[in-house]
Amino acid sequence: MSRLPERPGQRIDRSRPLSFSFDGKPRQGLAGDTIASALYAGGQRVFSRSFKYHRKRGEICGCGQCANSLVTVDGAPGVRACGEPLVEGMRVEHQNAWPSLGFDVMAATDRFGGPFTPPGFYYKTFIRPRRLWPLYEKVLRRAAGLGRLPKRQEERTWETEYRRRHCDVAVLGGGGAGLSAALRAAELGADVVLVDDDVEPGGALLVEGEHERARDLAARCAEAGVEIIFGGSALGYFDGLVAVWQGDTLHQVRAARHVAATGSIEQPLVFPGNDLPGVMLSGGALRLAALYGIAPGESVVVATCERRGLENALRLQALGVSVSAVADLRTGGDEDLCEQLRAGGAELLRGMTAVRASGRGRLAEVTIAAVAADGRAVGSSRTLACDCLAVCGGAAPASSLLLQAGARAAYDQAANRFLPGSLPAGVSGAGAVVGHEGPAPSLLSGSLAGADSALALGFGGPEDRARAEQERDRLDAALAAARPRQAPPALATDGGKGKAFVDLDEDITVKDVVYAAAEGYDSIELSKRYTTATMGPSQGRFSQLAAVRALAEDTGLSMGELGLTTARPPWAPVLLGALAGRPFEPAKRSALHGRHRELGATVEWAGEWRRAYDYGDPAAEALTVQEDAGLIDVSTLGKLIVRGPEAEEFLDRLYPNRMSSLKPGRIRYGILTSEAGRITDDGTVCRLDEETFYVTTTSSGAAAVENWFSWWRADWQAEVALTDVTQGLAAMNLAGPRSREILSELTELDCSNEAFPYLDGQHAVVAGVPCLLLRIGFTGELGYELHCPLANARALWDTIVAAGARPFGLEPQRILRLQKHHILVGQDTDSESTPYGANLAWAVKLDKDQDFIGRWALEAQAEAEPPHQLVGFSCPGGEVPTEGAAIVRDGVVTGQVTSSRRSPKLGQSIGLAMVAPGEAADGTAIEISDEGRRILATVTTAPFYDPEGEVVRS
Amino acid sequence: MSVAFLRPVASADAPARSPLADAAAAGGARLGVRDGWELATSFGDAEAEAEACASSVGFGDRSSLTKLELQAAPGRLEAAAGRLELGTAVLEDGAWACPVAPGLRLELHPAGRGGERLEVLEEAGVNVLDLTASLGAISVRGPGAAETIARFCAIDTRPKSLPPGGFRPGSVARTPGHLLREGEDGFLLLFGAAYAEYVWQQVASAAATLGGRPVGLDALSAPEAVHDA
Numbered sequence: 000m001s002r003l004p005e006r007p008g009q010r011i012d013r014s015r016p017l018s019f020s021f022d023g024k025p026r027q028g029l030a031g032d033t034i035a036s037a038l039y040a041g042g043q044r045v046f047s048r049s050f051k052y053h054r055k056r057g058e059i060c061g062c063g064q065c066a067n068s069l070v071t072v073d074g075a076p077g078v079r080a081c082g083e084p085l086v087e088g089m090r091v092e093h094q095n096a097w098p099s100l101g102f103d104v105m106a107a108t109d110r111f112g113g114p115f116t117p118p119g120f121y122y123k124t125f126i127r128p129r130r131l132w133p134l135y136e137k138v139l140r141r142a143a144g145l146g147r148l149p150k151r152q153e154e155r156t157w158e159t160e161y162r163r164r165h166c167d168v169a170v171l172g173g174g175g176a177g178l179s180a181a182l183r184a185a186e187l188g189a190d191v192v193l194v195d196d197d198v199e200p201g202g203a204l205l206v207e208g209e210h211e212r213a214r215d216l217a218a219r220c221a222e223a224g225v226e227i228i229f230g231g232s233a234l235g236y237f238d239g240l241v242a243v244w245q246g247d248t249l250h251q252v253r254a255a256r257h258v259a260a261t262g263s264i265e266q267p268l269v270f271p272g273n274d275l276p277g278v279m280l281s282g283g284a285l286r287l288a289a290l291y292g293i294a295p296g297e298s299v300v301v302a303t304c305e306r307r308g309l310e311n312a313l314r315l316q317a318l319g320v321s322v323s324a325v326a327d328l329r330t331g332g333d334e335d336l337c338e339q340l341r342a343g344g345a346e347l348l349r350g351m352t353a354v355r356a357s358g359r360g361r362l363a364e365v366t367i368a369a370v371a372a373d374g375r376a377v378g379s380s381r382t383l384a385c386d387c388l389a390v391c392g393g394a395a396p397a398s399s400l401l402l403q404a405g406a407r408a409a410y411d412q413a414a415n416r417f418l419p420g421s422l423p424a425g426v427s428g429a430g431a432v433v434g435h436e437g438p439a440p441s442l443l444s445g446s447l448a449g450a451d452s453a454l455a456l457g458f459g460g461p462e463d464r465a466r467a468e469q470e471r472d473r474l475d476a477a478l479a480a481a482r483p484r485q486a487p488p489a490l491a492t493d494g495g496k497g498k499a500f501v502d503l504d505e506d507i508t509v510k511d512v513v514y515a516a517a518e519g520y521d522s523i524e525l526s527k528r529y530t531t532a533t534m535g536p537s538q539g540r541f542s543q544l545a546a547v548r549a550l551a552e553d554t555g556l557s558m559g560e561l562g563l564t565t566a567r568p569p570w571a572p573v574l575l576g577a578l579a580g581r582p583f584e585p586a587k588r589s590a591l592h593g594r595h596r597e598l599g600a601t602v603e604w605a606g607e608w609r610r611a612y613d614y615g616d617p618a619a620e621a622l623t624v625q626e627d628a629g630l631i632d633v634s635t636l637g638k639l640i641v642r643g644p645e646a647e648e649f650l651d652r653l654y655p656n657r658m659s660s661l662k663p664g665r666i667r668y669g670i671l672t673s674e675a676g677r678i679t680d681d682g683t684v685c686r687l688d689e690e691t692f693y694v695t696t697t698s699s700g701a702a703a704v705e706n707w708f709s710w711w712r713a714d715w716q717a718e719v720a721l722t723d724v725t726q727g728l729a730a731m732n733l734a735g736p737r738s739r740e741i742l743s744e745l746t747e748l749d750c751s752n753e754a755f756p757y758l759d760g761q762h763a764v765v766a767g768v769p770c771l772l773l774r775i776g777f778t779g780e781l782g783y784e785l786h787c788p789l790a791n792a793r794a795l796w797d798t799i800v801a802a803g804a805r806p807f808g809l810e811p812q813r814i815l816r817l818q819k820h821h822i823l824v825g826q827d828t829d830s831e832s833t834p835y836g837a838n839l840a841w842a843v844k845l846d847k848d849q850d851f852i853g854r855w856a857l858e859a860q861a862e863a864e865p866p867h868q869l870v871g872f873s874c875p876g877g878e879v880p881t882e883g884a885a886i887v888r889d890g891v892v893t894g895q896v897t898s899s900r901r902s903p904k905l906g907q908s909i910g911l912a913m914v915a916p917g918e919a920a921d922g923t924a925i926e927i928s929d930e931g932r933r934i935l936a937t938v939t940t941a942p943f944y945d946p947e948g949e950v951v952r953s
Numbered sequence: 000m001s002v003a004f005l006r007p008v009a010s011a012d013a014p015a016r017s018p019l020a021d022a023a024a025a026g027g028a029r030l031g032v033r034d035g036w037e038l039a040t041s042f043g044d045a046e047a048e049a050e051a052c053a054s055s056v057g058f059g060d061r062s063s064l065t066k067l068e069l070q071a072a073p074g075r076l077e078a079a080a081g082r083l084e085l086g087t088a089v090l091e092d093g094a095w096a097c098p099v100a101p102g103l104r105l106e107l108h109p110a111g112r113g114g115e116r117l118e119v120l121e122e123a124g125v126n127v128l129d130l131t132a133s134l135g136a137i138s139v140r141g142p143g144a145a146e147t148i149a150r151f152c153a154i155d156t157r158p159k160s161l162p163p164g165g166f167r168p169g170s171v172a173r174t175p176g177h178l179l180r181e182g183e184d185g186f187l188l189l190f191g192a193a194y195a196e197y198v199w200q201q202v203a204s205a206a207a208t209l210g211g212r213p214v215g216l217d218a219l220s221a222p223e224a225v226h227d228a
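Taken in sequence, the protein lines are chains Z and H. For the first sequence, counting from 1, position 627 maps to 626 in numbering that gives the first Met the number 0; every step adds exactly one. For the second sequence, counting from 1, position 192 maps to 191 in numbering that gives the first Met the number 0; every step adds exactly one.
For the record, the hints were derived by calculation from the structure and aren't laboratory data. Cβ atoms here follow ideal geometry from the backbone N, Cα and C, with glycine treated the same way. Don't take every hint at face value.
Unchecked claim - Distance condition first, Cα-Cα at most 20 Å in a straight line; then the derived SDA-like pairs of lysine to any residue:
id: 1; chain 1: Z; residue 1: K510; chain 2: Z; residue 2: P117
id: 2; chain 1: Z; residue 1: K123; chain 2: Z; residue 2: F102
id: 3; chain 1: Z; residue 1: K844; chain 2: Z; residue 2: S673
id: 4; chain 1: H; residue 1: K159; chain 2: Z; residue 2: H821
id: 5; chain 1: Z; residue 1: K51; chain 2: Z; residue 2: G146
id: 6; chain 1: H; residue 1: K159; chain 2: Z; residue 2: G146
id: 7; chain 1: H; residue 1: K159; chain 2: Z; residue 2: E226
id: 8; chain 1: Z; residue 1: K496; chain 2: Z; residue 2: P117
id: 9; chain 1: Z; residue 1: K904; chain 2: Z; residue 2: S830
As the list claims (entries may be wrong) - Looking from chain H toward chain Z, a few residues come up when the C-beta cut is under 8 Å (computed):
id: 10; residue: P73
id: 11; residue: A153
id: 12; residue: Y197
Make a model of the complete structure from these sequences and hints.
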């Protein structure tokens, strides 16, 4: 098929042919073509099959907004052929048709499936018999969706660059209004970002013969310092942040002011057969001709209800397209345009519109008639042979971003538009999106919006304000001259059979909307959800107005009363991969992480940290700790410095325990509770001096505890300095019978039990490194925690290991602590656990004079029996129940296993469980139900190992 | 007892180790000892490293900076350490004084210095903690520095919003941190030391998209580099 003569404004480069394939067959296009324009130029008219009925679908918008030309390109599905630039060697395939686009087995649903697939059919079918659901699911999954993802994960990966861009004014939309807005704001001194989803800005100017003006405006914008993001889709408005997806970059644009100049979207007409390939929007036909030099048909008929359609028909004629007839629903007005059209050879049919499109698989003829108010044809009709019907059913403002920002859409009867109003502060609209249509009004509107935005930020001066006021007056005058528009009927029909679609994406007809309303889904939100109208890939761009009109016609409600559905992001389709983007996965690593890797540690996530779980043999590591000496990296512990004259009172108010009685150099275990007396964290407090305390917390609770402390410091206005030093200090626990011996070799500190007793904290230099040593025993063995600056940790670790301590990981530590019934907050406790239920009543000092957090709740708890009690258990049979397994009695769940392990030292399976009070006595037999297994266990209330604590105090 | 144990030992014989040393070494760094700290001193091509800082973007480890946290009631802090406007750090005698909040500030001193300052402040009744080991630091330098930072940080780095001396607490690659603009094309990122490897990877990945590269401390300390910063 030959192209139209070369003209200025075309995007194609006729000297650079490109080869590609479509469904395996070689095709040709030109540099500058889209996939769809190249296919169209080669005679392709069917691009896809529709979602439900698998009807043939052809090109309609020519700008990448519709779903009619979704194809798979190089294995990636869901590409809009009419917006995607052609690249040499592309492998393009159809979607949603089998075995071929020309012959699709599933098209049988169009012929026979209608009665079985009304709106909401999936709520009523494929339910019974239930046993067939696996089969239904298989069939439905195969039939549903558009396109197939590549099977191999490597072909599905995606990495997006995130880019944050702050600016003074963000202009969304690069048509005439947007370019004017950006230029004006930049000229006033603002930092401006302009976003447009086309390969070059200009919007409608590019196809209306104003491409030179568009390019001139764009060049001036660039010169004025405007950053123009081409080919970028604005996905949504998020409290001042606009996300823009451009290729493999996700821009997060934050602006002080936003100007939405997103234009309007031409709307189709609704009549039987309106989905036939060959029926397209007049703007789509114009884009084919103006940008790609392609005649949309040999014989084109235009059907319109607004001036825009006449203008487009004239432009088509000027580009060399044969327009045989123009049907204008309006009976008068725009006589000048009509005369020009007649002079160009078109027959004018006024007061008439399309009432049927016919053809076998593609358009062959259109029936034109006058219609009554209800859309039924009246009087005589004309049937015109044609292969392209270019329709213009008015336009709908592309107002989604404005509505997301908080604007409200109201139906303007005269304009036949839902126009956004009540714009929030800092957001303005320009051009067609706010009803300022036409070349002059839209440019004026844009310039004014740009000026207003910049002036509001303090740019410009009195003369700029004066100029803006003059522009405002001129715009008002231009808008006042606008004539009322005529709305098309909800359905224009000759009364015959045939589907008339309101939503091509979802195959929703006028009849479907009426059917849903009859079932009670008669508000626009319910109608949308039940019929799925506007929920397809084009998100209602070409269907929302028609759907509202159909529902209004059926219910008798006005368009304004029905309104629009809520606008939500994303406005443009976006890959999930683009949103997931660059893998930000913050990981904390201790200073010893490299050493753990070198030692072959199994490294796993523990909250935000990467931790060594074991070094290959957790059982042996645990035994070494109990029989020799081991060393574990506990740098992840939360560490806070609390200092000040009110530090001790501060801690007494936070902890149920009494911390003020600590002497310098002593340590006390403490639990933190909520105001409701529930355990939230635990740790130790070491008094360093009169006014300084060193607080440790759980690894996962560090940030929350710091927040908690900060909150209460502010609330009580405590004279306390609080600093989180978790990441600045490494910590390692040297534990085992030989730990004292090893430590003594490395420090001059007297490590004897007399000089350094249990729960003492002392400063010392160990292997040349200044440390705070805490003699505490989470593992249940003689042990010391060495806290030192992160930067010196590796040297210290290496020295201690060289002195004979064996590294051990988190897993053996868990075995060891379990032997001692030492709890892990968050594992052995939950949000309802109290100190009384967790055997920590000793840590609550109700006799404190000081009020403290949770006191009133703890006082009540002290008087009552806790609903659950944490107890130890052992399994005589040797099974190790799964953590989380249920404790059952007489078939009723009465508790759960919180921790369980096999102890290599004790040679038995041990654990902790929350049980009902009646099962908490020592020796009670309990039953564990674990994934179908029944495990018998015996309650043990005392620690399994060293119950009197003699070892740890030795 | 005191909090002196927070301060790392840093000497030529017993150097402190930068939290970024492992990550930098994995990226081809040569580790050396400077001012008692073991860190990346070069990446093997001094000329290329200098060129990166001048024409695209170079990033390097400056974790050896001494970092002091000052806390006191706002009036006392001002009296002891001078008045600062929130959002603006002041450079004096080679040290940056960075206001975090009323009553809380960070002082950044060259490596190995700051000890006397700490004592003076404590005597004035200010709570001072040595957070040198708590915070990692990466310099990002060059014409592409702001764009590099925009890949992982939402702080507004336009000169009018963050001029030289501008200091902002904020999210650095989704972790709590700070950003200081040291010069027209020079920024300093501060972040929790435990995040060091992760932040280095994010900076490296972002810089690579703009033709940037890691540089050693020697390149960052070169006179022309200091001047540009």
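Checklist line | Hints violated by the structure (numbers, ascending) | finding: Of the numbered hints, 2, 4, 6, 9, 10 do not hold.
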